Amino acid sequence: MDDVITKSKDVSLLEVLDRILNKGVVISGDLVISVADIDLVYLGLKLLLSSVETMEKYRGAPIYSPYQEPS
Amino acid sequence: MSDDKIIIKSESIDEIAEELEKVENALPNRINADPDNVEHGLAKLVLTLIELIRKLVEKQSMRRIESDSLTEEEIERLGETLMKLENKMSELKEIFGLKDEDLNLNLGPLGDLM
Amino acid sequence: MKQYKCIYAILDSDVKSSDHKPEIMGLDSSPVYFVGFRDISAAVSNVNRDKMKVSSDIAFSYEKIIEDLWLKYNLLPMRFGSVMKNDTNVIEIMKKNYSDFIDNLKKVENKSEFGLEILCDLNKTDFKTDNTFNLNNYKKLKQLDKNSVYRNYLIDKLKQHKSEDSFMKKIDDIIEEIHSPLKKLSYLSNVTKMVTLKIILNATYLVKNDMKDEFIQTTQQIKREKKDLKFLLTGPWPPYNFVNLSIK
Numbered sequence: 001m002d003d004v005i006t007k008s009k010d011v012s013l014l015e016v017l018d019r020i021l022n023k024g025v026v027i028s029g030d031l032v033i034s035v036a037d038i039d040l041v042y043l044g045l046k047l048l049l050s051s052v053e054t055m056e057k058y059r060g061a062p063i064y065s066p067y068q069e070p071s
Numbered sequence: 001m002s003d004d005k006i007i008i009k010s011e012s013i014d015e016i017a018e019e020l021e022k023v024e025n026a027l028p029n030r031i032n033a034d035p036d037n038v039e040h041g042l043a044k045l046v047l048t049l050i051e052l053i054r055k056l057v058e059k060q061s062m063r064r065i066e067s068d069s070l071t072e073e074e075i076e077r078l079g080e081t082l083m084k085l086e087n088k089m090s091e092l093k094e095i096f097g098l099k100d101e102d103l104n105l106n107l108g109p110l111g112d113l114m
Numbered sequence: 001m002k003q004y005k006c007i008y009a010i011l012d013s014d015v016k017s018s019d020h021k022p023e024i025m026g027l028d029s030s031p032v033y034f035v036g037f038r039d040i041s042a043a044v045s046n047v048n049r050d051k052m053k054v055s056s057d058i059a060f061s062y063e064k065i066i067e068d069l070w071l072k073y074n075l076l077p078m079r080f081g082s083v084m085k086n087d088t089n090v091i092e093i094m095k096k097n098y099s100d101f102i103d104n105l106k107k108v109e110n111k112s113e114f115g116l117e118i119l120c121d122l123n124k125t126d127f128k129t130d131n132t133f134n135l136n137n138y139k140k141l142k143q144l145d146k147n148s149v150y151r152n153y154l155i156d157k158l159k160q161h162k163s164e165d166s167f168m169k170k171i172d173d174i175i176e177e178i179h180s181p182l183k184k185l186s187y188l189s190n191v192t193k194m195v196t197l198k199i200i201l202n203a204t205y206l207v208k209n210d211m212k213d214e215f216i217q218t219t220q221q222i223k224r225e226k227k228d229l230k231f232l233l234t235g236p237w238p239p240y241n242f243v244n245l246s247i248k
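Taken in order, these protein sequences are the chains called A, B and C.
Using the numbering used here, the letters of the first sequence map in sequence onto residues 1 to 71.
Using the numbering used here, the letters of the second sequence map in sequence onto residues 1 to 114.
Using the numbering used here, the letters of the third sequence map in sequence onto residues 1 to 248.
Since the hints were made in silico from the structure, they are not lab data.
None of the values given here were measured: they were computed from a predicted structure.
Any given hint might turn out to be false.
Unchecked claim - Estimated spans, in silico, between C-beta atoms of each pair:
id	chain 1	residue 1	chain 2	residue 2	range
1	B	50	C	177	28 to 38 Å
2	A	28	B	39	18 to 28 Å
3	C	224	B	60	36 to 46 Å
4	C	53	B	97	24 to 34 Å
5	C	29	B	53	41 to 51 Å
6	C	145	B	68	18 to 28 Å
7	C	181	B	95	46 to 56 Å
8	C	21	B	18	38 to 48 Å
9	C	13	A	29	40 to 50 Å
10	B	88	C	31	56 to 66 Å
11	B	56	C	102	53 to 63 Å
What the hints assert, rightly or not - As a list, the in silico DMTMM-like pairs of lysine to aspartate or glutamate whose alpha-carbon atoms are at most 25 Å apart:
id	chain 1	residue 1	chain 2	residue 2
12	C	183	C	103
13	C	142	B	68
14	C	169	B	91
As the list claims (entries may be wrong) - Where chain A lies over chain C, by a calculated footprint (3+ residues, C-beta under 8 Å):
id	region
15	11 to 21
16	49 to 59
17	88 to 101
C-beta atoms are modelled at their ideal positions from N, C-alpha and C, and glycine is treated no differently.
Build out the structure end to end from the sequences listed, making use of the hints.
Here it is as structure tokens:
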């Protein structure tokens, strides 16, 4: 019984983390305070990460087709 | 308290949690990015991108072979290139101690799914 | 330690802190207050910078604050870590992005987000695909020297890819059967296929509040029909996945 509760919490945590860390409105620029030095690396990688995500999103569509699967 | 967000869940929900964690860990993010991990995270990111591209190239090559637009020599050269690319990739993965699961590219019974 | 302003959400009314009793407690034991600009406002609280570290407690707390606000107001949730120096900067953000905020607030008004993940256990699922590979269809490949290691490598690769293609087609059909009825019930949706080998679908749906029950029941019905698949439906969430705003 405890196992199920712990595991359920993990799923909830993953769902919450995905939303609050990867989604929602993003502010960038001079006005926002970096919360850690590592954020500089993170922001630089964001472009790379988005292109990987985009490629992943279209993974289902045939490569040779000019038509991309709509989201 | 956040469990009340779960409306429907099948049994073995821990499997989903494991799969979701793999996705989270595939690319570096703020949770895992401390100075000691950054290099490893970067290696993972770079190799994930390279592997993605390699698989795209492989897929495209298969299309070319199927479309019958290549000569025999071209097909053989293509085979040589692809094989060498794949071997090189295996080498790199070994050097950085990364497995396919680490690159978020699960190789199940049907192989990769690019 | 210097205090900064953590923004939790943009609300679609000019909320006065005095309107909002009892207070909602922010992340760092300071109450959430509101900074207004025209007819919108930002929900903000004072935080010490080192409080903005991710842990499961903080993650759940952050989400709870947004949920509590969402009970009362239509809002756009902010990504974790939206920290500003002072209230003036907060106002400047609202001023610079006012029309984007207004457009998005209108889009998500009276709607909730649902997340759906579908998992497929390949060992259990019967995915009999048409696996007949005929080398005769590839004459030039066939004609290469039979001892050529490259020829055999390519034949293996072709077999593999054809197998994957028919598998993917099967998955596509299944996804269409699941997504199509849910898409009809939603205002907007995002779909990602084959996130991993096992997670065949990861979708988010923005559903009008008066359609929530029907949406949930339809998902339950689909789950009953697709006995081989595992479902995870979560929600209703504030519209995290439908406020794709990147602002300065």
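Here's how the hints hold up against the structure:
1. B:50 x C:177: 28 to 38 Å: Given range 28 to 38 Å: holds, Cβ gap about 35 Å.
2. A:28 x B:39: 18 to 28 Å: This hint holds: roughly 25 Å between Cβ atoms.
3. C:224 x B:60: 36 to 46 Å: Given a distance of about 40 Å, which is inside 36 to 46 Å, the answer is holds.
4. C:53 x B:97: 24 to 34 Å: Since the Cβ atoms of residue 53 of chain C and residue 97 of chain B sit about 28 Å apart, the hinted range of 24 to 34 Å holds.
5. C:29 x B:53: 41 to 51 Å: holds (48 Å)
6. C:145 x B:68: 18 to 28 Å: holds (19 Å)
7. C:181 x B:95: 46 to 56 Å: With a Cβ separation near 48 Å, residue 181 of chain C and residue 95 of chain B satisfy 46 to 56 Å, so the hint holds.
8. C:21 x B:18: 38 to 48 Å: Since the Cβ atoms of residue 21 of chain C and residue 18 of chain B sit about 44 Å apart, the hinted range of 38 to 48 Å holds.
9. C:13 x A:29: 40 to 50 Å: Violated, since residue 13 of chain C and residue 29 of chain A (Cβ atoms, about 26 Å apart) do not stay within the stated range.
10. B:88 x C:31: 56 to 66 Å: holds (58 Å)
11. B:56 x C:102: 53 to 63 Å: violated (40 Å)
12. C:183 x C:103: holds (22 Å)
13. C:142 x B:68: holds (12 Å)
14. C:169 x B:91: The given pair, whose Cα atoms are some 32 Å apart, is violated under the 25 Å limit.
15. 11 to 21: Check failed, 0 qualifying residues.
16. 49 to 59: holds (count 6)
17. 88 to 101: Holds, because 3 residues of the region 88 to 101 of chain C bring their Cβ atoms closer than 8 Å to Cβ atoms of chain A.
When the structure is compared with the earlier hints, violations turn up for hints 9, 11, 14, 15 and for no others.
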